[in-house]
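Each chain, letter by letter, is given below.
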Amino acid sequence: MSGTTLEKFSYDNKIVKYFGVATIAWGIVGMLVGVLAATQLFLPEANLGNPYTTFGRIRPLHTNAVIFAFVGNAIFAGVYYSMPRLLKTPMWSKALSWFHFWGWQLIILLAAVTLPLGLTTSKEYAELEWPIDILIAVVWVAFGANMIGALINRREKHMYVAIWFYLASFVTVAVLHIFNSLALPVSFFKSYSAYAGVQDALVQWWYGHNAVAFFLTTPFLGLMYYYLPKAANRPVYSYKLSIVHFWSLIFLYIWAGPHHLLYTALPEWAQILGVVFSIMLIAPSWGGMVNGLLTLRGAWDKVRIDPVLKFMVVAVTAYGMATFEGPMLSLKNVNAIAHYTDWIVAHVHIGGLGWNGFFTFAMLYWLWPKMWKTNLYSTKLANTHFWMGTIGILFYALPMYVAALTQSLMWKEFTEAGRLAYPNFLETVVQIVPMYMLRAFGGLLYLSGVFLMVYNMFKTASQGKFVEEEADEAPALVSHVEQKGEFWHRAWERKPIFFTILATVAILIGGAIEIIPTILVKSNVPTISSVQPYTPLELQGRDLYISHGCVGCHSQMVRPFRSETERFGEYSKAGEFVYDRPFLWGSKRTGPDLHRVGGKYPDSWHYHHMIDPRSMSPGSLMPPYPWLETNMMRHEDVLDKIKTLQKLGVPYPDDYDQYVMKELWGQADKITENLKSSGVEVLPQSEIVALIAYLQRLGTDIKKTATTIQP
Amino acid sequence: MKRFKRIFLMLLGMILTMPSIAQTSELSWVTKLQGMDSNELTLMIILAIVLGVIILLLVLMIYLMSFMVTVLKQQQGFERRVSTKPSWWESFKRQYIVGKMKPVGSKEEEDLMLDHSYDGIVELDNHMPPWLAAVFYITIAFAVAYFTYYAVLGMGQSQIEEYQTELAIAAVKAEEYKALALSSIDENSVVFDASTPSINAGKSIYEANCAACHAIDGGGGVGPNLTDEYWLHGGGISDIFKVVKYGVVEKGMIPWQDQLSPEQIQQVSSYILTLQGTTPSSPKEPQGEKFEPAIEEPLDALIEDELELVPVVEEEN
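If you read the sequences in order, they're chains A and B.
Okay, so the first sequence: first residue is 2 according to our numbering, each after it adds one.
Okay, so the second sequence: first residue is 7 according to our numbering, each after it adds one.
Any given hint might turn out to be false.
[Unchecked claim] On the chain A side, residues computed to face chain B include the following (Cβ under 7 Å):
(1) I68
(2) L242
(3) I244
(4) G620
[As the list claims (entries may be wrong)] Derived DMTMM-like pairs (lysine to aspartate or glutamate); straight-line CA-CA distance at most 20 Å:
(5) A:K231 <-> B:E46
(6) A:K704 <-> A:D581
(7) A:K671 <-> A:E682
(8) B:K184 <-> A:D581
By construction, these hints were calculated from the structure, which means they are not laboratory data.
For every residue, glycine included, the Cβ atom is placed at its ideal position computed from N, Cα and C.
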């Protein structure tokens, strides 16, 4: 092709710089909030005495900040640098790039304001309310359009493996986000999930698990396939392995969500699918690790001196560890021990701190000197950062494993007399408090390392000169000439639209097979005739429970184990949750399960316990909620809520609006009277009355009549 | 010690049962192991370690011998050079575990290079490592077998069946335990036990659970004063036992029967009676009616009587 002329174009480094700076800034914010949350677990006073910085609200703030702000911006920085270079064309539209950047920062800012205010759906990693959800969808689609536009303009005939991962991530996150966020708004700040109870749980963990898969894993595998061979200057080990592990990973991952719901009221066939698909994920996940590590063959001498490669090696290894641990945790007998404990917290932090954090650091240490045309200011500082981070991870994870095993065994231990050895839940919490201190120290160490990086990157930038537009040239894409014997996958790689459709089909199958029957087939959720919708006051109390993030520490799902039914009461049944929008099963028991708490304690106990938990449970880690007594509710919104729920099919009477307020105040007065007889004076419109109403209702419906309708 | 034993057994159980039957392990042989006393267990562990060491030594011996054979052969000037024919292990490893790895930077590696480059990144066309493929096939086989066993054939226990099995085992144990004394103290058979160990145990139960509402010295707070002679629900040992056990939920007293054993309730009820007549720092006003013991018997005599009747069993843990 001697006649081909080279076309000139340039890459936009400025957007990469912006996303990179946002990564670090939000990373520090997110990790700081994490350290604060970790501190509150041994020092409840660290909630600063107000609802906005109390654990239940800053835990979602922490998870959202590190996942979507820190890792999210890192993905975008990495993609906006690598993708144009792999396709030999700039991103499709600069305007779209900036819309994407500012849109995403706006979303994060809105999250940082709304979550502390208690505006939340409480669905894990999808806490943001519906207007922000719509904004996320719009910005995400802009990101996708920018990528697809670049693909159409590309000068490189084939798509490199990194691009496959970017495309699959884009498509899947869009699908997950839209279907999990479906809800009916009550007002601008409040909505009810389109799904209830078991179905909501399944959809949520289909989303939640695959947020890990397609936001924290596949985009980073894409980044790995670009930055690791670049930094090591070695060829990628195996093209065949890339193909096998890409397709098997995206196809299998989507099925694994139910492993978050083992031994719950989720239909067992779905649980079994969750188990087997998690096990099958080992090899495809390891495919990424193996291809990464074997690419370093012949570059191990460089790993010794280059901090970028050091970070990458630990990141890829942490990825391998986490993706082996995950399937093991999905086995029912291991899950029976690990679920609801700090084991899961340790597991996600191996992935988060090790894989995502370390890879992000490696990428930034590599990008900065490249974009400023200089060398890294200090390799020594970067190495110090590496060791602080590594030791930080160990200090984080190891105490959590000890805490988890200790607590889980205490939960399950029986005396010879056949009673729980530790019937008081608090005893099992107090035991692991020292581990919580070590964990906070580990987190702090990891965060301190990041500050070294900030300084190093600042110095690097100031000693170099930023190249805003990097010029490059390449021949134009010639129309395809049919080749004999072209490898089938090679052909797919030059058809981006076809490739994207195939990937979409691959990720839709698993979700569809699990979710559609659970929603449509009635026998999956056997109804219980005595289960009734919440009264208006209980509904208000439930929304308070959601707003305060109580689900962050308290599950509402008693599993069918003797150690749980002895401790909490009858195990939870699928039919009990049909009016729960959203479901509140929870994923961690820092405090006891509350599904059967209704009627267990008198109203006055709840009052004293909410105002000052330690007065009723000495040594408790629960923060006090004195504001529940002074905050007043006017309950003006309750009618709108009832109407919304009616639209979703909750069988409230048709003429309920005639007497709903009367019923609400009636119940509030009754609780106020009851409290008064125990010497507690509160106003019937105070928040605590609504919350007590909800707590006393929890799990009591099946006690009313013993008749349950079996499928 | 007990906890370590349990952790050890749990880990052992997890590791050994993980790949096979994922559900019933906790109930089967681990339970048997847990039934052993610590001497038997120590013996088992020592045996296991010795066995492990023996196997390790054997492997080492075989390795040393083969090494010596090669060295000897070389010394005796064997014509055939050893390196030309790799050992069966080498070829097995190359065939089935690591795969044929080409030396870095060699001509063979260059031959594997695919003829494209993306922003300078090139790819080799190596095969997938055989061990990884093997892991993939094994996990798929496991998945198919597991799914068939539990979901298609329905041979595995469902989680509710597992739960019922667990309850059944516990019920048998409970029967056995009932045969022993002391397990069945109730409001009819409860006695005032003034022995020092019992009162001390009662005191610590009280401080951990009751002091929040009744004050550390029994003077009352959220709950009534326990030091005066006035009682809302009766002041006999049986009355107190009943109130502690079942609670008086409408007035704010929690039932403790799920959290405390009958012996513990007897201990704490006995301790509460010893508070009678003491002077708390800030006593709550008397509530209820003045309680007169039904039997006008000197209290001391009663204590002696009961002491003989009730053997004091030390608390476990």
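Now for the hints, and whether the structure bears them out:
1. I68: 28 Å, violated
2. L242: Interface hint status for L242 of chain A: holds (5 Å vs cutoff 7 Å).
3. I244: 9 Å, violated
4. G620: This interface hint is violated because 9 Å lies over the 7 Å limit.
5. A:K231 <-> B:E46: Not OK: K231 of chain A and E46 of chain B at ~58 Å, beyond 20 Å, violated.
6. A:K704 <-> A:D581: 18 Å, holds
7. A:K671 <-> A:E682: Holds: K671 of chain A and E682 of chain A sit about 13 Å apart, inside 20 Å.
8. B:K184 <-> A:D581: Violated, at about 42 Å.
Of the numbered hints given earlier, the model fails hints 1, 3, 4, 5, 8; all others are met.
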